Each structure stands twice: as C-alpha cells, then as structure tokens.
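Undergrad: Going line by line, the protein sequences match chains A and B. All letters in the first sequence, in the order written, are residues 1 to 828 by the UniProt record's numbering. All letters in the second sequence, in the order written, are residues 1 to 112 by the UniProt record's numbering.
No lab work stands behind these hints: they were computed from the structure. Incorrect hints may have been included.
Unchecked claim - Distance ranges between label pairs, derived from CB positions:
#	chain 1	residue 1	chain 2	residue 2	range
1	B	Gly98	A	Asp260	18 to 26 Å
2	A	Ala423	B	Pro92	30 to 38 Å
3	A	Tyr769	B	Asp12	48 to 56 Å
Please read all numbers here as calculations on a predicted model, not as lab measurements. Here a beta-carbon is modelled for each residue, glycine too, at the ideal position from N, C-alpha and C.
Each chain, written out:
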Amino acid sequence: MQHQSHPAAAFEREHLVVIGNGMAGCRAIEELIARDASRYRVTIFGAEPHVNYNRIMLSPVLAGEKSFDEIVINDRRWYAANGIELVTSDPVLAIDRAARTVTARSGRMVGYDRLLIATGSDPFIIPVPGKDLPGVITFRDMADVDHMLAAAGKGGDAVVIGGGLLGLEAAHGLTLRGMKVTVIHLMPTLMERQLDEAAGWLLKSALEARGQTILTQANTAEIVGTDAVEGVRLKDGTLIPASLVVMAVGIRPCTALARDAGLAVGRGIQVDDHMVTSDPSILAVGECVEHDGNVYGLVAPLWDMCRALADGLTDSHSGYRGSVTSTKLKVAGLDVFSAGDFSGTDGAEDIVLRDASRGIYKRVVVKDDRIVGAVLYGDTGDSGWYFDLLKRGEDIGAIRDMLIFGQAFASGGGVADPKAAVAALSDTAELCGCNGVSKGQVVACIEAGAHSLDAVRAGCKASASCGSCTGIVETLLATTLGDAVEAGPRTMCNCTSFGHDDVRREIVAQQMCSIPEVMQKLHWATPDGCSSCRPALNYYLLCALPGDYVDDQQSRFVNERMHANIQKDGTYSVVPRMWGGLTNPRELRAIADVVEKYDAPMVKVTGGQRLDIFGIKKEDLPAVWADLNAAGMVSGHAYGKSLRTVKTCVGSEWCRFGTQDSTGLGVKIERMTWGSWMPHKFKIAVSGCPRNCAEATIKDFGVVCVDSGYELSVGGNGGIKVRATDFLCKVATEVEAMHYCAAFIQLYREEARYLERTAPWIERVGVEYIRARIADDAEGRDALAARFHFAQQFLQDDPWAARAAGAEREQHAPMARFTPHDATKEMA
Amino acid sequence: MTGEWLDIGWADEIPVRGSRTVQVEGGDDIAVFRTGDGRVFALADRCPHKGGRLSQGIVHGGAVACPLHNWRIALATGEALGQDKGCTPVIPVKLSGGRVLICRASTMQAAA
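Chain A with its partners taken away, still in its complex shape (with noise of 0.2 Å):
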C-alpha cells in the first residue's frame, strides 16, 4: 500500500480510487459518505488542476456573472473533511485488472479494491482541415473558458461551430464579453434534439435579434488560416473571419482507459443496473457510461447513478433503471425547455399553444392520456408540473383540456370552463387586440345575422388578423346561437383554423418569409404541418417573395422535388420542353437515343404536343437530363405546378386558313411563361384561325387568331369537368396579347388558392372581376404584368441542368445496397 495518510483502520478498509475528479465521481463519493463514511478509503485522481466544479456553471463564467470560486462544488476542505485523498494534474493513463492497479501519468501507481471510472465525454472534433490551428478550441472544461476569455479580450470575430445546447452558450458568452458572432449548424433548425422545429425558430429569431449570425444548414469545409486561426470555410465557399474558433458539435464518452483495461464498452463503458462494468470489482458511473443502451450527456441522469452505484457499493441494491432527461436552459434571457419524447409517432397526439405576440410556444405530447414529452419556449414556467406529470406516468385525461394552460388553470383557478370565462366578460371587455372589438361588437354583429366565423370576421373584424381570439368568437358564436351556428370556415387544412386566402393575407401583412415563422404566427396546431398545407405555404411564400424566398424541397410533393412524374410503378416519365411543340432532328435524335440508353418501354405524344418519354429509373434521371440538355432541351416541367405547354397550330406560315402566326406567338408566349410556378397545372394555347385546331378554348389562357386581332379568353380546362373558357377581351397585336396573358398568369398566381384551376378559381370569383382586372384596369395590368415579369428572372432555371450537374445528386442514389446471400455491402 503507497498511502498511508489516514492510518486509522486503513487496513481493514477496502480502497476505492476514483478515475474522474468531475461531477459524477464527486456525487458518487457524496453519496456514498453519506451512507456510510467509514466504509472505504477514497482516493480521486483528476486531470484537471482544480477541485470538483460544476461544469453547467461554465457558461455563466464565460459570461462573466459568475467566478470559477462561485463554482465550485467542493473546495479542499470537503476533501480534508472526509479523508478522500486528491491527486490533481495527474489523469490515469492505464489500469492493471491483474494487479489491480492504477498508473497516472506522473508514474503514480496505486492499488485499488474497488475502481470507480468517471471519466466523462470529450468534447467531438470534427476533421477538417485546420482543425489543429491555435485559436480553435473546445468548450468543456475551465482552461477552456480561460482561453475563450483571453481571446474575448482581444475583441474580433468569433465562430462557434455547433447550435446545441453547448454552442448557444460559447456563443451567448462570447456575445456578452464583446466579441462579434456567428454560429454554423449543421441542422436545419438549433438545438434540434432538444426543441421542435417552431421553438428552434423562435429562439434563431430572438438569438439574431440580440446580435448573433446564425447560419443554419451551414457545413463547415475547413478551418483557414496559417500560424492561427484566421477564418472558417463553409463548404457552399462563403468564408467567415475569426480569431477564435469555438468546437461545439457534440460529446462522446470517454472510453479509451476502460477499452485498453479490456472492460466491455459500446457507445459508453458497458454497465449493469448497479453501474458495475464487466469487472465486478470496477464500476463506471456519468458521462462515460452506456446502460440500458443508453449514454447520457446531461446531469440529472448522472444524480440518479449516483445514488444507485452508492446504495450498492453500501449492499442496499436499489439499481439504476434509467433516466427521463429534460433540458431547461436560459439563453440570452431565453427561456427553453424540453423533455422526454416530443416526435409525435406512433399515436401520439399534439396540443400546441401558440402566442406570437407574446414569444410564447407550448407544446405537450400526450399518448393514451399520458404526457410523454414536451417542448416549452418563452414561458417555462410550468416546466416542472409537466415534466413531474410525464415521470410519474400521471393520467391527464380529466384536466386535458385545460393542460396547456398550465398548473394553475387546469387546476380549475376559476376560470376551469372557456365557455363560463367567456360569458363572464363584460360587453366592454376587447377580444381582438388587433383590430380592437369588443365582446359587445362580435355579439352585436352576430345576432345581426353573422352565423359562422368568416361571417363574423367579414362583419366586425374580429379574428380576421393573426386568429388567437378565434377560439373565443367560436365560443359566443355557440352561446349566442346554440345549434345555429353555421359550419366553419374551409381551413387550409386540420393543422390550422385559418383558410387559404386568410393566410396569404397575412403572409403578405405580416411579412412572413418561411413555413415555420407562419406556422407560429399563425397558431398551427401541428408541430410542422402536414402534407397539404406544406406544399401550399411553400407556393404563398414562393409567391410573395419571388428571389427572396429559399423553396423548402420537403414541402414539394414528388414530382417537383423529382422533376419529373411518378407512375404506379415507382418509375418516372420525362417531358423535354418543346417551344410551342416544334421539334427538330437533333431534339429527336436525342429523345430516341435516351429512349434506347435507358431502355424506356414507351414513348407518347401528350395532349400539349410534347414527347413524354416513360419507365425512366429514379437513379437514371440526372443521366437523361445530361443527354437531353446536351441536346439543347430544357425541363418541360410536366411534373409542376407550373405552367406547363403552350399548344399551337400552324397559323398562317402554312395553313391556308391561318390568320395569324400561331405558332410563332406561341412559342413567344411559352419562351416568356416557362418556370413560373403557379396554384396548379397552367395550359395555353395559340390557334391560328376560328376553327381552333390548338383547343385554345379548353385552356387556362387561350388565344384565338383572327384577322382583326387575338382573342384572348380564360379559365378553360379538359379536366374531370370539361369547361370552355370564358372571353377576356380582344387585342390588336401580339405584344398586347402577350402583356395580358402575365398579367392574367399574375392575378392567378396572387390570388387563387393552392391546387386551385383557372377554371374553379373564375367561377368562384366570376368573370367580371377578371375583366375588371385584367381588361378594364390597364394601370393594374401593367403593374400585374410587371411583377410577374421580375419573379420570372428568378424562376425562369432549367432545374434539369443543376440536377443533371450534380446538385442534390444523392436524392437519386441510394444509401447503401445490400446482397443478402453473402450479406456483403457497398457504400453507394
């Protein structure tokens, strides 16, 4: 025996030498002291040059609200008090199981009875280039705070690498002691294992607006600089300046002492339920450890193995089952809060409460009248009921309705019943704080014959603007009318109460830019919609904010994220543009050589005169783009919400009845109209004369050739229900047809609902109201014609040619095949 300091009975006490000076082998000692004090001899080793300290308590260092002493756990004295011998500055560098055995790097040798490992995580580094270059530095222990502090000193730029938990708060650190910073994150969203899409954007909206650059689907390529760091390169070339480069991606256990003792170890050091490892005498406990499957990297699981691996070195076998995690974290005076599971699966249902105006998203995950996970922002305050309800596994059904109001409303604070709330206030009491009605103007305006909520918005006002108070309209609509109450609006879908044209009106007066910012400010009731209202807010915004907007490929329905048409069999067909439907040899040539090279069983003429070439597989298509794009062919867009053909007759070049040339205007009017995104599928067509061979009066926008002009009509469409167009009006020249057929594209696109046809669209309108726009108000046209023209500049891109150069190539590849006879794997 080499330590003889604490003489009394140090022979009839068992040894047990701690690897890990950290919180979780200080707690273990803890507890096991205050179980029984004079049980073992303890010795700690440390790699660090302090006493045990709370590592969560870094950040506030780092932003100076505390110092290293307000940190510490336990000072020397704790140590001196309990007999536990500390030995600092010295981390083991191998254990002897033989010999039972421990060696630290000073060559330190010390035997032990008992080994407990609490080695923790070390903090991911991520391989680029650079990653090696003064200046880029981790976040995990105090002479990383030292050196962080050091640079902040000196001012700058800073970038932190990782938005989680960990690089919010380098970054909020950074921030406070004056440095400049942007954080890169990978995901789409920040902190996405612990906060939903809504919450993640709320907290990037309120970290920008406090100074910070968050930079999200941000890869980083390299690290640049010479003799220090100087900036980061992120793989799309943009390239950021910083003197500090803070690493905060991630942890993983730190295993490599129990792996070189031949100790099990998984993701984490291999434990049973009394944190006892392969070894029955070593046992592991904290960061380092996997039970169960599972690695923890927060504190609360670690407090619950602490007690466990106490009461069994203590032989009171309690065992470990595993934790529930939450993550509570105040950022930048943000409040977060998540716990437990909060995907959604496997007949989960969500309530969401949305607030927008206070910052405020709830949501609670209830399964089976049980809460199982839950994603709290800007208010935390019930955090603790909810998390308490979710350990405990407590039935909610009785106050369910109430629960997202929190603990002291479901609690039954008085105002239990909405309905009793709502007739509880008085006439004077304001509703709608946006356009400012009161309950006695909404009653008022309902007993005047206001029978259903668009009735109501349409009469007073009231939850016309942002829909928070909708909920209380529909309650005195129901207490004001009983079983008079007409059926609600069309919403958009189940996610929202709001129906399509309430949201592009407010997408346009709010000025929304993405999905999930509309999804908040407009209290959708699902975490991120569902597959009707995602393609559609994709087009509003696509639609409002032509350049500005970055089109969200998981909101497109296949097709459009394909560029071409699925069939039943899983295959595709593809239509190569041809401008008015004229061809040539060498478009031809290319079209059969593709047909013969990727061996397409047929081949068909379409109704809008373009080839339609089918049975293409989905990792073949960026190959048949390359071909028929090297033949000069673009995208014809048969897959789209777009406009798709221009369909001519021949016209006066060749028709002996042909006024004027059709073709020709068509493949003008198809040159001007392509790309362009629309509510649905858009047909036009150019005949030459009266007889109409191009069947210009069945489609979206049609013109009819005469001597005297173009007759422009619309609204057609061949569908399941046949409708002929309805007149426009009639122009003198091509350049005026052409002008009148962007603006009508325009009004179309501004105003009709998603997955909405011309034809419907006039019908619910009427066409008077076309005309009035379209023909009779040549200001409006101009202005119509005139945006339709500067989002076409942004739309007007063969998505063929990106695709077929590389872009998103991995969407047509797999990620793996498997041969199962031999069981051997390719990586794709």
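Could you slot chain B onto chain A? The hints should help.
TA: Chain B in isolation, oriented as in the chain A frame:
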C-alpha cells in the same frame, strides 16, 4: 459485415423531413426517413395500398404521405393512419455516433 446491425451511413446524409433508400438485392427497397426532430425510421419502400414508393412522400410529424394516393403511414409502426387500413413492414433502426444502423435480420427478410 457481421453482427446484428448493418451500418448504412451517416444520419445527416438523409434530408430532414425526407428520406433515402437502401437497395436489397432480390427484394423491396427500404426507405429510411429522418423526421423534423432528427429521428430516423425505416420501412419497406412500398405503401400497403398500391405499392407507392413511400420514400418519395412528404414526411410530416411522425408520418409519411404516400406520393400516389396520399395515404398517411406512421413511420414508427408502418400502420396506415386515419380511415385507411393496412401496414408496411417496419425495419428496426438505431443511431450510433451519428451512423444509422438497420436490423440485419429484417433487412434480409425484406429480400426473401
């Protein structure tokens, strides 16, 4: 490759609210999905309705909408949601250090 789990690649190679496929020779493709909150699921890549490629659907919440007829399939259970009835085989999947692992036995069964 031995062991119970087959390593198919990095989770972040799957688009958020999107999917990738795994090809198994002689059998159905497997669709591997990533949800908005970063969870990963795998299903046989065919809708129980008409065999649509679920990998090509819109992922929302914990479900995917089939691209052919808009059936909604729960990612965790493979069950059709709402009024529809039917079930797609689920391939057990887990994450380890950012890598996606799928159950070997279920994968090979998909090919059988």
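Undergrad: Does each hint fit the structure? Answer for all of them.
TA: Structure-based check of all given hints:
The hint said 18 to 26 Å for the Cβ distance between glycine 98/B and aspartate 260/A, and at roughly 24 Å that hint holds. In this structure the hint that alanine 423/A and proline 92/B lie 30 to 38 Å apart at CB is violated, the actual value being about 53 Å. Distance hint for tyrosine 769/A and aspartate 12/B: a CB-CB separation of about 49 Å, consistent with the stated range 48 to 56 Å.
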